[in-house]
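Asker: Sequence:
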Amino acid sequence: MEIAKKDNSFGYSLLLFIYKILGYKSVKFILNFVALYYVIFAKKVKKDLKSFYDVQNIELTNIIFFKHIKSFAVSLLDRFVSRINPEEFKYNGINQEYLDIFNESGGLLLLSHFGGWASSTHNLSTKNIPPMNAVMEDQANENMKEVENNAKDNSKQNVKIIDVNQGSLSTNIQIANALINNEIVAMMADRVVDSKRTLKVDFFGKSVSINKDPFDIAKRLNKPIVVVHTINKGSKNYDAYYFKLNSKEQSIEDLSQQYMSILEKIVKKDPQQWYNFYDYFI
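Residue 4 in numbering that gives the first Met the number 0 sits at position 5 of the sequence shown, and the numbers go up by one each step.
There may be inaccurate statements among the hints.
As the list claims (entries may be wrong) - Here are the computed distance ranges between Cβ atoms for each label pair:
#	residue 1	residue 2	range
1	Phe-280	Asn-94	28 to 38 Å
2	Asp-215	Tyr-36	14 to 24 Å
3	Thr-125	Ser-234	12 to 22 Å
4	Asp-162	Lys-49	29 to 39 Å
5	Leu-13	Glu-263	33 to 43 Å
6	Asn-221	Val-33	41 to 51 Å
7	Lys-66	Glu-263	16 to 26 Å
8	Ser-250	Ile-57	28 to 38 Å
9	Ile-160	Ile-281	27 to 37 Å
10	Phe-16	Ile-57	28 to 38 Å
11	Lys-43	Asn-164	18 to 28 Å
Because the hints were derived from the structure by calculation, they are not lab data.
Positions of the beta carbon are idealized from the N, C-alpha and C atoms, including for glycine.
Please build the complete structure, drawing on both the sequences and the hints.
Answerer: Here is the structure:
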């Protein structure tokens with residue numbers, strides 16, 4: 000993905016510096032110029048997003064593209080700011096009943112590249128739940144790691160990282176060990192990690208491939224699955240949506256389709272918070 004893969008550690012550091020000096024609103028204003036830059040120069044990003052809007056019968060105008068990129072930029076800002084001042088963020092609809100599902104045996108917390116997934120994970124890690132492990136790409140360089148470490152409040156948050164760059168075998172072993180220890184594993188299921196470990200599901204009437212491993216592991220270890228999505232509703236304000244999947248009685252195929260059907264309903268609420276910046280329907 001062109002936007003996320005670039006080494007933007009200096010840019011993040013600069014924005015965090017401005018945030019600490021001038022505040023949140025000043026950084027959000029500056030992000031307008033960042034979004035405008037992508038509208039003018041990131042033609043491939045817009046081209047890759049077009050299929051996503053086409054399946055919803057929405058014309059991808061430059062205005063919509065601008066708002067989409069601005070939304071993504073704000074989500075990245077919130078990712079870091081939520082580590083500095085987590086108490087400033089409001090999450091409406093956090094359901095402790097769903098989180099309590101993990102208290103006995105741990106389980107899988109499934110997210111997607113949509114809305115405030117990163118900041119919400121930071122928030123959930125402060126709740127009264129078992130230890131949390133986040134399956135993700137570890138930062139590609141030490142500069143970026145330093146930005147994240149400088150931003151986070153270590154006294155309030157303790158999320159262990161399972162790096163997918165170590166390979167699917169090593170990743171799955173670490174996931175299994177965490178689940179065997181009755182911990183929570185938070186991971187994305189909407190992108191393919193290993194081309195040999197995929198499932199075909201229906202999404203907006205099209206067949207797409209997603210990651211098979213979360214559903215396979217949950218079935219094998221008999222662990223509960225909770226899906227959580229968060230939608231940005233304003234400055235540092237998010238709505239949270241929780242769903243429980245019946246991993247004991249449903250097949251892997253049924254679980255994966257249910258996950259994507261939930262995602263489709265959530266995406267329809269605000270398509271501009273979709274952060275898979277590649278042709279998802281190839």
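Asker: Determine for every hint whether it applies to the structure shown.
Answerer: Right, here's what the structure says about each hint:
| no. | hint | in the structure |
| --- | --- | --- |
| 1 | Phe-280 with Asn-94: 28 to 38 Å | holds, 32 Å |
| 2 | Asp-215 with Tyr-36: 14 to 24 Å | violated, 41 Å |
| 3 | Thr-125 with Ser-234: 12 to 22 Å | holds, 20 Å |
| 4 | Asp-162 with Lys-49: 29 to 39 Å | holds, 32 Å |
| 5 | Leu-13 with Glu-263: 33 to 43 Å | holds, 37 Å |
| 6 | Asn-221 with Val-33: 41 to 51 Å | holds, 45 Å |
| 7 | Lys-66 with Glu-263: 16 to 26 Å | holds, 20 Å |
| 8 | Ser-250 with Ile-57: 28 to 38 Å | holds, 33 Å |
| 9 | Ile-160 with Ile-281: 27 to 37 Å | holds, 29 Å |
| 10 | Phe-16 with Ile-57: 28 to 38 Å | holds, 37 Å |
| 11 | Lys-43 with Asn-164: 18 to 28 Å | holds, 24 Å |
The structure is inconsistent with hint 2 alone, although it conforms to all the rest.
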